[in-house]
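Undergrad: Each protein sequence line maps, in turn, to chains A and B.
Taking numbering that gives the first Met the number 0, the leading residue of the first sequence gets 0, the next gets one more, and so forth.
Taking numbering that gives the first Met the number 0, the leading residue of the second sequence gets 0, the next gets one more, and so forth.
Keep in mind the hints are simulated off the structure, nothing from the lab.
Watch out, some of these pointers could steer you wrong.
[Unchecked claim] Derived contacts from chain B toward chain A, CB cut-off under 10 angstroms, selection only:
1) 53
2) 54
3) 110
4) 165
These numbers come from a predicted model, not from an experiment.
We put the beta carbon where it would ideally sit given N, CA and C, even for glycine.
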Amino acid sequence: MKKRKERIDRGIKVRSEDIFALSSYREMIYLLMPRAIPVVGLLGIAPFLSPYWQEVFISTSIYALLAISWDLLISAGLVSLGQSLFYGIGSYIAGALNHYCGWSPLFTIPVATVMGGVLCTVLLLPVLRLRGIYFAMVMLVLPLMLSRLVEATRILGGTEGLPGLTPFPNQLIALYVIQLALLATLFGFRRLMASDYGLVLKGINDNDRSVMSAGLNIYLYKTQVLFIGASVGSFAGAFGTHIDMFAGMPGFALDYALLPVAAAVVGGMGTFAGPMLGAFILVPLSEILRALGALRIVFYGLFLVVFIVGLPEGIFPYVQRKYHQLERWVELE
Amino acid sequence: MNQPIPLLKVSGLTKSFGGVIAVSNVSFELKEGELLGIIGPNGSGKTTLVNLVTGFVKPTSGKVEYNNKDITGWAPYKIVSMGIARTFQMVRPFYQLPAYKNMIVPLYSPRVKKLAGGKYGDRDAVALDLLEEVGFERDSHVAYKVAGSLPQGYLKRLELAKAMALRPDLIILDELFSGLSLAEVASIVPIIEKLRFQGITIIMIEHRLKELFRIADRILVLNYGEKIADGPGEEVMESESVKKAYLGSETD
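Go ahead and model the full structure; you've got the sequences and the hints to work with.
TA: Shown next as structure tokens:
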């Protein structure tokens, strides 16, 4: 009996990425596995973590949301160096509503998500016509300006911030909430980009004049994408502010701007799963390296460099390619 | 005089970039169903004229009227929704997408939805039909190939199909034939003739004069941004100013 190797996905992919033909449970498992791993992995591991690692996972998920939001913006050609703008605005809206009006997180977080999305979109509307590095520079500057504005005018508690915000009743519940939000965003965004709407976004990123000549208003699409991305970022900020029980100038800190970019580069841009994976590597790594004291940043930087040089496409696209190339033995007739 | 209203009326169109005048006081009219060829030496302002009409560049002065409506300085997407489609001289496909997925973007436009009575229908199927019309042979599966891997001939056809997808009343082809072999040009000419037969008004910018003169009703000649001739092909080529622009004058 002769045997030869065949790629598992050969029979599954009929003609394109989005049309499948399944003929057995094994093929179904092949397709579902990569989708089940993040769901089962994240939700299953949560109860077994120590309180300290639960905290780390919460903060990781927050960064992952910012990274996924960054990835959505870049998919439509918007380079964001200021995810901290979304985070800071979301945290201040939720913080103020809780601090001054006494609203529960149940209301502050959804309101901050939508209001933050609207506010950031309105703020950035005048510069939406800028491309590439020009847009990036404005996004980098805005959160820095806003934090100085808070300091100078002493609004919203000034440098003291807004302390004593309502925490979540239970850390495990908080972890589940943020993880579910993260998974919903991940699968939602992947679905969005696979749709014809997503195709238009890719078109804008690839060649915006071609999209304009196709009779589409690219600024309408950019505004919509900006709103979605800013809403996700503001949600992360609103959530984080209740975890910290504090809203203040650190919400506009550079960490929230730079780590999402690093996570997307390490994980693989344009895939959403990549930036999320990147955040789940970089944030815990930074925690583990804490033992090294001052050398922490050195090793952290070294890790980044090695990864970017060694695997420029990113971890997720690499793993995905290898998974698609998996082979099985089939009998020759 | 009971002349019909022209489909496109350009009057006194001028564009200067800083001190350089790219298009200077150009006026012309286009009747419905006409095929107008625009020729001129390199840098004579042909592509700028297209950009002015399609809204990619805002004119310094002058007026563009379409169907008796002033569309001067409108955004490109609004001009497309009026029924004017264009192709680019340098092809602009989405290189990472398969050819038929490139077609989805124009098929997603509000104009197509409006014309289809509020429904988009199966965009993939429409895309494949249109690509077959411009010469993507259906059994060769070339329509499923990534645009980045296609040769120039197919990219030009894709560019044409993208404009056709918008179901335009006026289609502007900016040097569609440049970079193509004689055989390829010969295979695209019937597609253009078919568009004409369907009643679509066409403006063609071309350097391939022989092919253009065969199919054009009228030729407009630009030189240094100015219109120097406008009329039937033979007449235009006899004109002294055109000879001078193309061949240089004897006293130079």
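Undergrad: Hint by hint, note whether the structure agrees.
TA: Going through the hints against the structure:
1. For residue 53(B), the interface hint holds, since its Cβ comes within 10 angstroms of a Cβ in chain A; the closest pair sits about 7 angstroms apart.
2. Taking 10 angstroms as the C-beta cut-off, the interface hint given for residue 54(B) holds, the closest approach to chain A being about 8 angstroms.
3. Taking 10 angstroms as the C-beta cut-off, the interface hint given for residue 110(B) holds, the closest approach to chain A being about 5 angstroms.
4. The beta carbon of residue 165(B) is positioned within 10 angstroms of a beta carbon in chain A (closest approach about 6 angstroms), and the interface hint is therefore held.
Violated hints for the displayed structure: none, as all numbered hints are satisfied.
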